[in-house]
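Order-wise, the sequence lines are chains A and B. Quick note: the first sequence uses this note's numbering, first residue 1, plus one each step. Quick note: the second sequence uses this note's numbering, first residue 1, plus one each step.
Rather than coming from a laboratory, the hints here were simulated on the basis of the structure. Hints should not be assumed to be uniformly reliable.
[Claimed, not checked] Dumping the calculated SDA-like pairs for lysine to any residue here, alpha-carbon to alpha-carbon at most 25 Å:
1) Lys151(A) x Lys108(B)
2) Lys176(A) x Glu106(A)
3) Lys64(A) x His109(B)
4) Lys176(A) x Arg44(B)
5) Lys35(A) x Ala145(B)
6) Lys46(B) x Asp21(A)
[What the hints assert, rightly or not] Output of the computed footprint for chain A on chain B, the stretches with three or more beta carbons under 8 Å from beta carbons of chain A:
7) 167-181
8) 229-243
9) 258-266
[What the hints assert, rightly or not] On the chain A side, residues computed to face chain B include the following (Cβ under 8 Å):
10) Ser58
11) Leu72
12) Ala73
13) Gly75
14) Gly102
15) Ile126
16) Leu127
17) Gly144
18) Thr146
19) Leu161
20) Ala163
21) Tyr172
22) Ser178
Using N, Cα and C, we set each Cβ at its ideal position, and we do this for glycine too.
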Amino acid sequence: MSSVLNTPIRPEDVRSFKVGDVVYISGVIYTSRDKAHVKMLSDPKRPFSLQNACIYHSGPLVVKQELTYRVLAAGPTTSARMNRQTPAIIKQGVTAIIGKGGMSAEVAHSMTGRCFYLAFPGGCGILARERIEEVLDVYYTELGFTEAVWKLQVRDFGPLLVAIDSYGESIYETIKESSRERLLQ
Amino acid sequence: MNNAVQREAFISHTIDALLEAETQLPSDVRSALTSAIKAETNKRAKEQLQAILENAELAAAASLPMCQDTGIPVFFLEIGRRSSIDFSLKEALATAVQRATDLIPLRKHAVDPITRANSDAPLFDILYDVCDGDELSVAVLIKGAGSENASALAMLEPTQDVMSFVLNTIWESGGKPCPPVIVGLGIGSTFDGCARLAKKTLFRYLNEKESAFEVEILENINKLGIGPMGLGGRTTALRVFVEKAPCHTAMLPVAVAVQCWADRKARFRMKL
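Next comes chain A alone, as it looks inside the complex (with noise of 0.2 Å):
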């Protein structure tokens, strides 16, 4: 199943892909990778809101030019270096989590009904970007533009994998345990 799906998304929106779809997505996402992570839940006055959003994990290569902001490369990064952080992101309400590599099986268990892991192509820098309007906003520029969290308007972002979805299915943890099978033949 292939389909569009139009920000913000809802846990009963998630609720109705599986593992193996292919989904496209159309409005708001948000860039939040390592120090974004920490931040986003430990600020008590975080400028922008959680709630149904989508997150992506990107380090976009952006630069500035004169009053607004160009993305020139914005391909996923490695997803599971926020495995610790990512349960705390689901329950602020969080129902989307773009990235690349696969999450840990309790950031799975955590997207139980709620929310789903999308993949994209790592490395795929130019094709993301294609797919991006506008930089509406950034925020956390102390960060750096590597780290900082980009607000970006997307149109048909994807394709995008449902690779954990909200029934506890990963495909990570799938070829996990085949893959461990064979290693220990």
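Starting from the structure of chain A, add chain B where the hints point.
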């Protein structure tokens, strides 16, 4: 050539090499990925590989970095012992990286390792060798954090199994280093020596003749079925390179240097 002209020419060639490495998928990699698509029976795996090739085409056409992680340039300088270099190579490389950062551009992602405060210092590494002749040979490879973080080193006991260490390292990293990966294995030497052996192998080209041991490791890695982006498939690694050196009888140092599918690299030579 006087040293100022020499230095500027060196910097200019280095910037060109960085631009090429960041924006153009090397032809040996393109061939390997194309063959991998044909060999894959898993539809999802084929799609991941096709996305990679499509991205490479777009990047080359736009002259933009393929991946937003413009990485750490690792330079390998082979200095001809009859060459006459009258400027600081390290300083010139720093200048080249700084200028390339603004020109290409490259991403600014250097931090202090302890405080994690952003740093403006140019981030790069250099390996050196002295060879015959009067030329300076410069190769650069771009190391992204995803693949670099999957790399591992162990001081094994002399009777421990190298193959197990390599396979476990690849299994642990799963989809994190953006498979299909290129694996450089350094065996022997010393603690830091085996890491350098491993890293140096990543400057090789994928169509170089394979040894029986390299073929064996590659087959075992691909049997794991981790696949492109860790989503399953036959192509977990495109190539394995092994470099060994004698070591102390009480040691078995082993380093696994992992490189992502892009295997970004370029090289040039200068007569000095």
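For Lys176(A) and Glu106(A), compute the direct alpha-carbon distance and say whether it is at most 25 Å.
14 Å, holds
If you count the residues of the segment 258-266 of chain B with a beta-carbon closer than 8 Å to a beta-carbon of chain A, do you get 3 or more?
holds (count 3)
Quick one, is the Gly102(A) hint okay against chain B at 8 Å, beta carbons?
5 Å, holds
Hinted contact Gly75(A) with chain B - closest CB pair below 8 Å:
This interface hint holds because 5 Å falls under the 8 Å limit.
Given the proposed pairing of Lys46(B) with Asp21(A), does the C-alpha separation stay at or below 25 Å?
16 Å, holds
Run the distance test for Lys151(A) versus Lys108(B): straight-line Cα separation, threshold 25 Å.
19 Å, holds
Does Ser58(A) meet its interface restraint, that is, does its C-beta lie within less than 8 Å of any C-beta in chain B?
OK, holds: Ser58(A) within 8 Å of chain B, min 7 Å.
Regarding the pair Lys35(A) and Ala145(B), is the alpha-carbon distance no greater than 25 Å?
Status holds; Cα separation ~15 Å.
Hinted contact Ala163(A) with chain B - closest CB pair below 8 Å
This interface hint holds because 7 Å falls under the 8 Å limit.
Counting residues of the segment 167-181 of chain B with a beta carbon closer than 8 Å to any beta carbon of chain A, are there 3 or more?
holds (count 8)
Hint check, Leu161(A) versus chain B [nearest Cβ-Cβ separation less than 8 Å]
Since the shortest Cβ distance to chain B is 7 Å, the answer is holds.
Quick check on Ile126(A) please, does its C-beta sit within 8 Å of some C-beta on chain B?
4 Å, holds
The structure fails none of the hints (numbered hints given earlier).
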